[in-house]
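*Asks:* This is what each chain is made of:
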Amino acid sequence: MFSKNDVLETIAMVEKEHLDIRTITMGISLLPCIRDSAEETAQKVYDLVCKKAENIVKTAENLSGEYGIPIVNKRVSVTPVSLITANYPEKSPLVGKALDNAAKTLGIDFLGGYSALVHKSTAEYERIFIRTIPEVLATTDRLCASVNVGSTKSGINMEAVKLLGEVFKEAAKLTKDKDGIGAAKLVAFCNAVEDNPFMAGAFHGVGEADTVVNVGVSGPGVVKHALEQIPNADLTEVAEMIKRTAFKITRAGQLVAKEAAKRLNAQFGIVDLSLAPTPAMGDSVAQILEEMGIETVGGHGTTAALALLNDAVKKGGVMASSRVGGLSGAFIPVSEDIGMIKAAEKGAITLDKLEAMTCVCSVGLDMIAIPGDTPATTIAAMIADEAAIGMINNKTTAVRIIPAIGKKVGEEVSFGGLLGRAPIMPVHNCDSSRIINRGGNIPAPIHSFKN
Amino acid sequence: MRAVVTVTGKDKKGIIAKVSAFLSERGANIEDISQTILGEYFAMIMIVDISTINKELSLLASECKELGKQIGMSIYMQHEDVFNAMHNV
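Line by line, the protein sequences give chains A and B. Residues are numbered in this note's numbering as their position in the first sequence, beginning at 1, plus a constant of 98. Residues are numbered in this note's numbering as their position in the second sequence, beginning at 1, plus a constant of 493.
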């Protein structure tokens, strides 16, 4: 049984510390939708997604009402579309459009899975598919795309890395009147996971059940508040406090995930333990690191603090949930975190420091705006660097970078809502085109041969 | 099914009366009440049985919130499972 303090603590977490379930994401297999023509397939895809997820918004609202914990986003992830349209890749945008329409019909905020998995090499149909991404992201509103360009098992597909550099730039160009939002809906991955509930990188892996419910919890504000209670504690105690807090947050997520899966006739997939910030004050991962004792995030000690945070969140969360998956760690998106935005405005945090931080936390260079005249090969080289970190460290890394067309360092891009705003950060000006134009593969590391 | 009703805010006359009347009108059975006053701050936690009520908990919860607005308090009604999950190993 719980005590009076437990009840008041939970309510304070929701009222003052932004405790919420960040997303309920339904993963849907599109494999049964493949037909002889793209037009028929697109129709089937629309019908299936609308039928399977028809109650997701209502169910999330009911659960939120019953448990008194906000559920911020309702989303859908689908089988990577490049697999569905392999027979007619140039017509993939028809399926993309159908998915976007389904998202609008359902009233969900994002739908992920306009994706391709090319970590070892790129098939011709995948090459064509990837080239459709910028146009599709420019002509849809809620669809998200991702491409897996490497893995620890297979190495890094440098042809795909080069192509992605161009695709990011093109996606930003085609949406430059909206600050390049196309690029904000695109992720390049290494070691992509098949059960990620978070956008923009969610897709429903082929190894998954037909229909699953994955839940992403959140609560950077709750962790920060807990640490504020022990300002002079040593770091062992800090780690313990984070673990205990992560446990509570995750238990709420587990409860919602299991109940949501039951009501939506889907399998309970996983709880993703990520600490996901929002641009709201007091909902920031950067401010947790600052509370731990770094004056401004990006300063020396940031990587150590983040390593502690990331690990403690996982340890607390794993104990709290029967099935953990997704990305599970701390997110450090620049535009979506008020502490990061402020540090970037001051020049306290740089791309190089962010890259170092991605070695010890989940994901990677996320929601970072760079000057619009950055060459595609330089963007590709950033992707290669991140993919290398993921490949060698056996973890997921990602790049979601926004070339701000027509803008320079000192200006900012602004998307509003959860995507926030980002000051444009400087990039190294030296030329990386030779290494990118070499192509080929970076071979898998020796420690991948475990069989 | 049991729910937890939490009432917090600045202390004033008649809070328990209004909240209890509201709950009994809807058929909820109050099983446990604990209440404290810290300075001017009022906090009450009730465990109520709502299994005989033919109305969705989420609707009841929003009615509670509405009552809270009317009487100038913060009122939550939540399924007890959320506290059991978060505060028990």
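For the record, the hints were derived by calculation from the structure and aren't laboratory data. Check before you lean on any hint, since a few could be wrong.
[Stated by the list, open to error] Below 30 angstroms or equal to it, Euclidean Cα-Cα: the simulated DSBU-like pairs (lysine-lysine) are:
#  : chain 1 : residue 1 : chain 2 : residue 2
1  : A       : Lys156    : B       : Lys506
2  : B       : Lys503    : A       : Lys156
3  : B       : Lys506    : A       : Lys548
4  : A       : Lys102    : B       : Lys558
5  : A       : Lys271    : A       : Lys341
6  : B       : Lys505    : A       : Lys114
7  : A       : Lys412    : B       : Lys562
8  : A       : Lys142    : B       : Lys548
9  : A       : Lys195    : B       : Lys558
10 : A       : Lys356    : B       : Lys506
11 : B       : Lys503    : A       : Lys114
12 : B       : Lys505    : A       : Lys356
13 : B       : Lys558    : A       : Lys156
14 : A       : Lys114    : B       : Lys562
15 : A       : Lys156    : B       : Lys505
16 : A       : Lys149    : B       : Lys548
17 : A       : Lys149    : B       : Lys511
18 : B       : Lys548    : A       : Lys356
19 : A       : Lys444    : A       : Lys356
20 : A       : Lys276    : A       : Lys413
21 : A       : Lys149    : A       : Lys444
22 : B       : Lys506    : A       : Lys114
23 : A       : Lys189    : A       : Lys114
24 : A       : Lys413    : A       : Lys114
25 : A       : Lys360    : B       : Lys548
26 : B       : Lys505    : A       : Lys505
Given the structure is predicted, the values throughout are model-derived calculations rather than measurements.
*Asks:* So, for every hint listed, does it hold in this structure?
*Replies:* Going through the hints against the structure:
Simply put, Lys156 of chain A and Lys506 of chain B have alpha-carbon atoms about 38 angstroms apart, too far for the 30 angstroms limit, and the pair is violated. Between the alpha carbons of Lys503 of chain B and Lys156 of chain A the distance comes to roughly 34 angstroms, so the proposed pair goes past 30 angstroms and is violated. For the hint pairing Lys506 of chain B with Lys548 of chain A, the CA-to-CA distance comes to about 71 angstroms; that exceeds 30 angstroms, so the pair is violated. The hinted pair formed by Lys102 of chain A and Lys558 of chain B meets the criterion: a straight-line CA distance of about 20 angstroms does not exceed 30 angstroms.
At most 30 angstroms may separate the alpha-carbon atoms for a hinted pair to count; Lys271 of chain A and Lys341 of chain A exceed this at roughly 43 angstroms. Distance restraint check for Lys505 of chain B and Lys114 of chain A: the Cα-Cα separation of roughly 23 angstroms lies within the 30 angstroms cut-off, and the hinted pair is therefore satisfied. With a C-alpha separation of about 39 angstroms, the suggested pairing of Lys412 of chain A with Lys562 of chain B is violated against the 30 angstroms cut-off. Using a Cα cut-off of 30 angstroms, the hinted pair Lys142 of chain A and Lys548 of chain B is violated, with the two alpha carbons roughly 37 angstroms apart.
Taking the CA atoms of Lys195 of chain A and Lys558 of chain B, the gap is about 40 angstroms. The hint is violated against a cut of 30 angstroms. Restraint check for Lys356 of chain A and Lys506 of chain B: the C-alpha separation of about 42 angstroms exceeds 30 angstroms, so the hint is violated. Under the criterion of a C-alpha separation no larger than 30 angstroms, the hint pairing Lys503 of chain B with Lys114 of chain A is consistent with the structure, at around 17 angstroms. For the suggested pair Lys505 of chain B and Lys356 of chain A, the alpha carbons sit about 40 angstroms apart, so the restraint of at most 30 angstroms is broken.
Using a Cα cut-off of 30 angstroms, the hinted pair Lys558 of chain B and Lys156 of chain A holds, with the two alpha carbons roughly 19 angstroms apart. As the CA atoms of Lys114 of chain A and Lys562 of chain B are separated by approximately 18 angstroms, the hinted pair is consistent with the 30 angstroms bound. For the suggested pair Lys156 of chain A and Lys505 of chain B, the alpha carbons sit about 37 angstroms apart, so the restraint of at most 30 angstroms is broken. Note on Lys149 of chain A and Lys548 of chain B: the hinted pairing holds, with a Cα-Cα distance of about 26 angstroms set against a maximum of 30 angstroms.
For the hint pairing Lys149 of chain A with Lys511 of chain B, the CA-to-CA distance comes to about 44 angstroms; that exceeds 30 angstroms, so the pair is violated. Proposed proximity of Lys548 of chain B and Lys356 of chain A is supported: the alpha carbons are some 22 angstroms apart, at most 30 angstroms. The straight-line distance between the Cα atoms of Lys444 of chain A and Lys356 of chain A is roughly 43 angstroms, outside the 30 angstroms bound, and the hint therefore fails. With a C-alpha separation of about 40 angstroms, the suggested pair Lys276 of chain A and Lys413 of chain A falls outside the 30 angstroms cut-off, and the hint is violated.
Proximity of Lys149 of chain A to Lys444 of chain A is assessed by CA-CA distance (about 48 angstroms); at most 30 angstroms being required, the pair is judged violated. Taking the CA atoms of Lys506 of chain B and Lys114 of chain A, the gap is near 26 angstroms; set against the 30 angstroms cutoff, the hint holds. A distance of roughly 48 angstroms separates the Cα atoms of Lys189 of chain A and Lys114 of chain A; the hinted pair therefore is violated under the 30 angstroms criterion. Using a Cα cut-off of 30 angstroms, the hinted pair Lys413 of chain A and Lys114 of chain A holds, with the two alpha carbons roughly 25 angstroms apart.
For a cut-off of 30 angstroms, the pair hint linking Lys360 of chain A to Lys548 of chain B stands: about 20 angstroms separates their Cα positions. Distance check on the hinted pair: Lys505 of chain B and Lys505 of chain A sit about 57 angstroms apart at the alpha-carbon level, beyond 30 angstroms; violated.
This entry does not satisfy hints 1, 2, 3, 5, 7, 8, 9, 10, 12, 15, 17, 19, 20, 21, 23 and 26, going by the numbered hints stated previously.
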